[in-house]
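**Student:** Listed below are the residues making up each chain.
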Amino acid sequence: MINKVVSNAEEAVKDIPDNAVLMLGGFGLCGIPENCISALLKTGVKGLTCISNNAGVDDFGIGLMLKTRQVKKMISSYVGENAEFERQLLSGELEVDLIPQGTLAERIRAGGAGIPAFYTPAGYGTEVAEGKETREYHGKMYLLEQWLKADFALVKAWKGDTSGNLIFKGTARNFNPMMAMAGKITIAEVEELVEPGELDPNMIHTPGIYVQRIFQGKDYEKRIEQRTTKLK
Amino acid sequence: MINKVVSNAEEAVKDIPDNAVLMLGGFGLCGIPENCISALLKTGVKGLTCISNNAGVDDFGIGLMLKTRQVKKMISSYVGENAEFERQLLSGELEVDLIPQGTLAERIRAGGAGIPAFYTPAGYGTEVAEGKETREYHGKMYLLEQWLKADFALVKAWKGDTSGNLIFKGTARNFNPMMAMAGKITIAEVEELVEPGELDPNMIHTPGIYVQRIFQGKDYEKRIEQRTTKLK
Amino acid sequence: MALDKIGIAKRIAQEVQDGTYINLGIGIPTLVANFIPDNINVVLQSENGLLGIGPFPDESEVDADLINAGKQTVTTTKGSSLFSSAESFEMIRGGHVDLTILGAMEVSENGDISNWKIPGKMVKGMGGAMDLVASAENIIVAMQHCSRDGESKLLSENTLPITGLRCVKKVVTDMAVLDVLPEGGFKLLERAPGVSVEEIKAATAGKLIIEGEIPEMRI
Amino acid sequence: MALDKIGIAKRIAQEVQDGTYINLGIGIPTLVANFIPDNINVVLQSENGLLGIGPFPDESEVDADLINAGKQTVTTTKGSSLFSSAESFEMIRGGHVDLTILGAMEVSENGDISNWKIPGKMVKGMGGAMDLVASAENIIVAMQHCSRDGESKLLSENTLPITGLRCVKKVVTDMAVLDVLPEGGFKLLERAPGVSVEEIKAATAGKLIIEGEIPEMRI
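Protein chains in written order, with this note's numbering: chain A, 1 to 232; chain B, 1001 to 1232; chain C, 2001 to 2219; chain D, 3001 to 3219.
With the rest of the complex left out, here is chain A:
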């Protein structure tokens, strides 16, 4: 097996240059690459294009990178929980591509899977369709959408082995597996790093072939946006 281990987040992201295109896993604050984001705040890299379903919240996740103005452009599906994101969007300070969530997921998967374009029904008849080819199949209208790729994909997994195999936990899986596929360099941070052979080959979510760098993260906060519990 091929060893992909780097020592920590700083080591993993140090060569990410200004104006790079990044993918960052996570849905809301669930399953985001916390350690990599912290490291990017330290390197101070600028002009980033960030592909991520959300942009964190004002004081956590990608929201922190919006505050420091390291992000030039966001490609996302939902702004909802982030006032600073919405403000920068409405004021035009931040370039934003809003993409339907399923189309975003599929475009990323297509980037990883060598499918340059595909038809999807999402967004037909809406402003998302502007400038896009449409076609009818079986009596229904579809849009032609193209793949998305990234210079670096930053993903967060639950467990990983030194050869890059990843297992996610719960709904923290979300966009991480597709992004791992679509990154030219994929950096995986994991809560628990183990030796090859310790993970069941039949239960790997992301095969190691997609991961170029892996490290065991630390001090995970795993902040919860909407802590909701049973009514007593």
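The hints are simulated quantities; they were obtained by calculation from the structure and are not laboratory data.
Some clues are possibly wrong.
Here are the simulated DMTMM-like cross-link-like pairs (lysine to aspartate or glutamate), alpha carbons at most 20 Å apart as the crow flies [said to hold, decoys possible]:
#1 B:K1149 x B:D1018
#2 B:K1230 x D:D3038
#3 B:K1222 x D:D3058
#4 D:K3124 x B:E1127
#5 D:K3124 x B:E1095
Model the placement of chains B, C and D on the given structure of chain A, informed by the hints.
**Tutor:** Below, chains B, C and D alone, put in the same frame as chain A:
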């Protein structure tokens, strides 16, 4: 949870009509729906279109249905191991669409995933491309390929629960997960049928939503085509 | 008296059929889960990647790695499965989810829906809504009949950016239950308790079709 | 003396670089795995759905549910992963596999390859070969220099149905190692032990480029 259990293979396939389009999981003889194939030999249904990567061997798997002339058309990627298949193909007795394996897998996945068409590089410049649209993306030529769906998908899993969740074993997974997605009615036969809650939700390969009928199979032969062992 | 959110959710719960897979949007739709009768077996899908959403957790069960599409902590149930967001939308786009219930800012008499943006003022983003409304066979909208300013949200034609065309099959509001007819028009099916047909007429800007006696909802 | 299959496999093994992912076709390519030096770390992909092919099993380890693309029983190694055939071709099509080694019936001086059909006589089917040759950055063909009838298999233009256009980068035969040049032509790099340049010339129907001394292979 929704209970999908039927009593056995005969019950599961009894309403498959003449001229139905079927998908059958498996790669070679690995992971094929043995029980369903046996039951189809008994019902004697005719004029079938079978979508399956291979067609078994002369005396096992889909090969048995070729002998009984129940199959009108095969949609496959490889004929290699089946002399009767190759004979019927060359003599014109059997209609055959040969499709690159990755395109076959992706077309089936597309059928399940609501993607009516996509671009792939496989087969460009070959007879597979005849009559198909081509387009250049990023300096490379691609073919436009369309989804595949089936009236019935017959899949074989290792473990399943009564709500249709499936786990495959080893390389017996192969085409089974995509076919489960692309069948209007998906019938799953499993080696071990358990109650909901017994399988780890994080380790399900095929979510139950794709499965309409499930039963515990019996008398699995699991024949090996190329028994190859270490040189002593 | 017009229904509150709970009332709307209760009424929509009556539309839920046994043995189906359902996607519930954020807000009122999420509440529907609480009112599905015990003898109705359904599986709830969360588009971030969960099939089989369980009840909210006890304090001790709270898991940051297990949330619904509204970012609320949830649990799994027996028979749940977890998957990526790409796989989640395979299910949605592929037509495997039987029913989608979601909120809206506007619905037109043709079944067009708007729910993601007010130009210059507010952008939430479409999230999974555009995929859901472009894919689901059966779509029910849960919303207030009028905006806070008293403007009707059931229109001839939407004024806000569209989320999806000709997709809404039924609308349940605080005032009424209405079918959206394939040929266009809101067909009034039921009134909220104490709400008159005249009040509904006044609150509906789009084409309203009223045939015979309109019964009160039974909740 | 021309190489046997083992010899071809041994020579190709020298092309394998450390830290790469490799897909080996059926036949001679499968044999290559046996000759990769211990200090070279590679991962072998099997397109039916396995990354990290291990050695053939002991009798006691034989598992019908674990085969390679040639339908042979295999094992996993530490760090292996299993997946569906769709996921397998995501890897292949997405360019994640670094090197593909496969057999051929014909290769043209432009790098076209034919290996799946002889019209009217034989149809094996393309299996995964069309996806592999359309996707991989680096493709090495392992084959006999001539057919059993003595006809050259290195041609100006292929006579058999094409598997992929302009994709083969290198050919290793029983007689020679040749690069396929981007501008067209087989550039002779090495001779099999005891095989002369004249013999290779005579056995090569396509454009053959010979510059300077051609060394013997070291195997």
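**Student:** Where does the structure disagree with the numbered hints, that is, which hint numbers, in rising order?
**Tutor:** Hints that this structure does not satisfy do not exist here, as all of them hold.
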